[in-house]
Structure formats: structure tokens, C-alpha cells
Amino acid sequence: MTGLRLFLAMIVLALIGALPVMAGDGLLPTIPKARGEKCVEDAAFMRRNHMQVLKHHRDETMHQGIRTTAHSLNGCLNCHAVDGADGKPVTVANEKHFCKSCHTYAAVSPDCFQCHSSTPGPDMPDQKASR
Amino acid sequence: MTEGGEVMSEHCSSSPAPARDGVPVGADTGVDASRRAFVAATATAVAAVTLAPGVMLIGGAEAKPADQPASAKVRWGLLVDVSKCDAGCSACVDACREEQGWHGHGRPASDPQWIRKVDLKDLSTGRKLSLPVMCQHCTSPPCTDVCPTGASFKRADGIVLVDRHICIGCRYCMMACPYKARSFVHEETVGQKPHMPRGMGCVEACTLCVHRVDNDRLPACVERCGEAGTGAMLFGNLNDPESEIAKRVATYATTQIRPDLGLKPGVHYQGL
Chain L
1 MTGLRLFLAM IVLALIGALP VMAGDGLLPT IPKARGEKCV EDAAFMRRNH
51 MQVLKHHRDE TMHQGIRTTA HSLNGCLNCH AVDGADGKPV TVANEKHFCK
101 SCHTYAAVSP DCFQCHSSTP GPDMPDQKAS R
Chain E
1 MTEGGEVMSE HCSSSPAPAR DGVPVGADTG VDASRRAFVA ATATAVAAVT
51 LAPGVMLIGG AEAKPADQPA SAKVRWGLLV DVSKCDAGCS ACVDACREEQ
101 GWHGHGRPAS DPQWIRKVDL KDLSTGRKLS LPVMCQHCTS PPCTDVCPTG
151 ASFKRADGIV LVDRHICIGC RYCMMACPYK ARSFVHEETV GQKPHMPRGM
201 GCVEACTLCV HRVDNDRLPA CVERCGEAGT GAMLFGNLND PESEIAKRVA
251 TYATTQIRPD LGLKPGVHYQ GL
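One line per chain: the protein sequences are L and E, in this order.
Numbering-wise (the working numbering), the first sequence opens with residue 1 and increments by one.
Numbering-wise (the working numbering), the second sequence opens with residue 1 and increments by one.
Just so you know, these hints were derived from the structure itself, not from any lab.
Bear in mind that the values here come from a model prediction, so they are computed numbers and not experimental data.
For each residue, glycine too, the CB sits at the ideal point set by N, CA and C.
Do not rely on the hints blindly, as some may be mistaken.
[Unchecked claim] Computed list of lysine-lysine pairs in BS3-like fashion (alpha-carbon distance at most 27 Å, straight line):
| id | chain 1 | residue 1 | chain 2 | residue 2 |
| --- | --- | --- | --- | --- |
| 1 | E | Lys-121 | E | Lys-64 |
| 2 | E | Lys-193 | E | Lys-84 |
| 3 | L | Lys-38 | L | Lys-55 |
| 4 | E | Lys-64 | E | Lys-180 |
| 5 | E | Lys-128 | E | Lys-64 |
| 6 | E | Lys-154 | E | Lys-128 |
| 7 | E | Lys-64 | E | Lys-247 |
| 8 | E | Lys-84 | E | Lys-121 |
| 9 | E | Lys-84 | L | Lys-55 |
| 10 | L | Lys-38 | L | Lys-88 |
| 11 | L | Lys-55 | E | Lys-154 |
| 12 | E | Lys-64 | L | Lys-96 |
| 13 | E | Lys-73 | E | Lys-247 |
| 14 | L | Lys-55 | E | Lys-64 |
| 15 | L | Lys-88 | E | Lys-84 |
| 16 | E | Lys-121 | L | Lys-33 |
| 17 | E | Lys-128 | E | Lys-84 |
| 18 | E | Lys-180 | E | Lys-121 |
[To be verified] If you want the footprint, here are the derived chain L segments under chain E, 3+ residues with CB under 8 Å:
| id | stretch |
| --- | --- |
| 19 | 63-76 |
| 20 | 97-109 |
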């Protein structure tokens, strides 16, 4: 029995050790590192709920004019921008794009970027300064 | 106002009888429905004016905090001084294109057009006018009345918008708008401005630069008209009696385009 447990533990350890290799092989998504220090919410929460967060904020902004930056799509894009070979942030057409990297893996096609810019823009001028 | 107007006259043909001058108010005989509505609207306007001095709706030009919703105490509006507007000037249109990222594709009949310059000539007197026409941000917008999905809506502060997340591109609002203010995006779009998402299959129009207004800035057209144009445009809160626009509207004779339609636009014109 102890032998079996040890065997299973070794398999698990071997798999964990192999994770970076699997990511490189395309078995797991390669998630680009963000520019900021930490996400606006807990990473585990964001992994599961980012679309709900975005949708909630989208409706508040569109219909009520609430323009806080923490949950805005532009806020995400500004922090999660990935530079391409030319040193400029890549668009969603590039597989390295933060959103694209994971959504390709998960086989979902959000249509945000049919209208929204997929690259970070200059921050809204004086969003905080005028308050 | 629209007599002899070459461009605006197309709207006149589909309208009910316009409000006629020279008929004594209160005459009972021969009063048609549109005149009744006109008289009623005038009475309402007079009542609103008499109420206004006693009511302090909002003090100063306080910026809206980013986490607060737009308030119905504010009524954003524009005042265009047509006597200052120059026929050769398109500063407002250029500013709008640059700010919002829309442009033509060489197909004038279907190209996006959030704001356009309209040149008019009164055929009876020869008087020439030039004025910008954009979404008039009606108090009773017909576009929101007909929208089957609720994508067309009016914000609490009077700004009329299209929510592209729920617009299905049916273009009913474009047909309902008497100002021809809305456009349809026929082409796939790339390189949108981060503050102004726009894409194929949705209707769009002037947003009164809501992204700037919410950040306590002037709409791009008004800003450019002051810097590079003729200073013919004024933006402000019509509900604030202390605002420049409210004072101008209270002091000078201004009108809206087709006031007889009863839509009560937020865009006022002086000298039209």
C-alpha cells in the first residue's frame, strides 16, 4: 500500500516537473506575464469570472457612465499587453496576445475584438487628476 | 427655418403641416392636430421657464466622480451659433473623425457620418447658412422608441447612445431619425480607438463624446471649433441656470431643427 502511494506521488511529481515542457508543447496555454505587480482581483477568481466581471462593468459604463478603471477591458489590455517582434503590442490576430493565448487553448471565440481595440491605447488623460 | 433649405427640405415633404406663424394662438377654427401639439408644446416650455428660477438643479460644473452614474439632474446640450459658422470650415467634422476613428470608404451614400456640415440657402431671400448637424440628442428620441432590442437608449443626462453589445443592425432607428444622424458600419473595422469600439453590423452616431464628457472634458467638435474653427459651438449643462449655455439659451432666440416634431433636441441653434 505504501509502495502504491509512493508510486502515485512520484507520478504526480513527475507531471508537475513536466508542466513547463507541456506548456511549450502547446498542451497547456502559454500565458504571458502581465506588466503590473498584481491583478485587480485574485488570480483564481479572475480565471473563472473575468468575463462576468467585464460584462458587468460593460453595462455599467455603457448605460450609466461609470468609468472606474479596475474592471475595464482597457485596464486589462494595458496591463496584459504583449510586445511583438517589432516592440509594439501585438493585436488579437497574433497567437501571443494575452486573451488569444488562453482562448485558443480553451477553444472559445469571444467577439469583443470585432469592435474593441485589442491593443493598449494611451491612457485616458487625467482620469484621476480631475477628480 | 427650413423654408427653401435644399438639404433639409427633404424632411419637410414627409412632415405633417408645419407650425404656421401669423395665426392667433387660441383660434379654434381650422386647428389641425400638429398645431394643437405645437401650442401644447409652447405652453409646456413657458411653464418650464417660470419654474426654473425657483429650482436650483445643480450647482456649478461639478465633475461626475468616475464611480457614480450619470445623473438626470444634468441635461447636456449644445448650442451652435449659426451666424459664426463658416461654410468653408469643417473643423468639427475633422475633429470628430480623428477623435472617434470613423472615416469613409469612398461611398458617400453609405459611409459613416457622425457629424456633417449642411449648407442652406433661403431661396426667397438668398440668405446662406452653414451649420453642423449631428445626433440632436432628443429628449424624446424616436430611435429609442423603435429599437426592437433596447440597444438605442437615452442616458439619464440626456445623451442618446447605441449599445453595440445588443444592437442587431436592423437599422430601424436610422429610418426613424428625422435628422439622418445615424450611420451603419458596413465594413470590417480595425485600429479602433480604445475609447470608441466600433465594428461591422452595428448602427452608430454622435455620442456627444460621452467618454470625454464623463471625464470633465469638452466634446472634440466643440474643442476644435474653439481652437481652429470659429468658436460657434458651446457645450454645457442646460439644467444648470448658471452655465453659459443655459444663460445663452435664456437670453437669445434659439431654435432646434424641426421643433414642430416635438422631440425636444438637446442641440440648439442660434441664428437659424
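Going through the hints against the structure:
1. Proximity of E:Lys-121 to E:Lys-64 is assessed by CA-CA distance (about 41 Å); at most 27 Å being required, the pair is judged violated.
2. A C-alpha spacing of about 31 Å is found between E:Lys-193 and E:Lys-84, which places the hinted pair above 27 Å, so the restraint is violated.
3. Simply put, L:Lys-38 and L:Lys-55 have alpha-carbon atoms about 21 Å apart, close enough for the 27 Å limit, and the pair holds.
4. Restraint check for E:Lys-64 and E:Lys-180: not satisfied, since their Cα atoms lie roughly 31 Å apart, outside the 27 Å limit.
5. A hinted pair counts as satisfied when its Cα atoms are at most 27 Å apart, and E:Lys-128 with E:Lys-64 does not qualify at roughly 40 Å.
6. Only pairs whose Cα atoms come within 27 Å are accepted, and E:Lys-154 paired with E:Lys-128 is rejected, the gap being roughly 34 Å.
7. For the given pair, E:Lys-64 sits about 22 Å from E:Lys-247 by alpha-carbon distance, which is consistent with the 27 Å threshold.
8. For the suggested pair E:Lys-84 and E:Lys-121, the alpha carbons sit about 16 Å apart, so the restraint of at most 27 Å is met.
9. Note on E:Lys-84 and L:Lys-55: the hinted pairing is violated, with a Cα-Cα distance of about 44 Å set against a maximum of 27 Å.
10. The straight-line distance between the Cα atoms of L:Lys-38 and L:Lys-88 is roughly 22 Å, inside the 27 Å bound, and the hint therefore holds.
11. Pair hint L:Lys-55 plus E:Lys-154 holds up; C-alpha atoms about 20 Å apart against a cutoff of 27 Å.
12. Note on E:Lys-64 and L:Lys-96: the hinted pairing is violated, with a Cα-Cα distance of about 38 Å set against a maximum of 27 Å.
13. For the hint pairing E:Lys-73 with E:Lys-247, the CA-to-CA distance comes to about 17 Å; that is within 27 Å, so the pair holds.
14. Restraint check for L:Lys-55 and E:Lys-64: the C-alpha separation of about 22 Å stays at or below 27 Å, so the hint holds.
15. Between L:Lys-88 and E:Lys-84, the direct Cα distance comes to roughly 44 Å. Violation of the 27 Å bound is thereby established for this hinted pair.
16. For the given pair, E:Lys-121 sits about 61 Å from L:Lys-33 by alpha-carbon distance, which is inconsistent with the 27 Å threshold.
17. Annotation: proposed proximity of E:Lys-128 to E:Lys-84 holds, straight-line Cα distance about 12 Å (limit 27 Å).
18. Among the hinted pairs, E:Lys-180 with E:Lys-121 is consistent with the structure: their alpha-carbon atoms are about 19 Å apart, no more than 27 Å.
19. Counting residues of the stretch 63-76 of chain L whose CB lies closer than 8 Å to any CB of chain E gives 8, which reaches the minimum of 3, so the coverage claim holds.
20. For the stretch 97-109 of chain L, the stated coverage by chain E is not satisfied: 0 residues place a CB nearer than 8 Å to a CB of that chain, which falls below the threshold of 3.
Of the hints listed earlier, those the structure fails to meet are numbers 1, 2, 4, 5, 6, 9, 12, 15, 16 and 20, in rising order.
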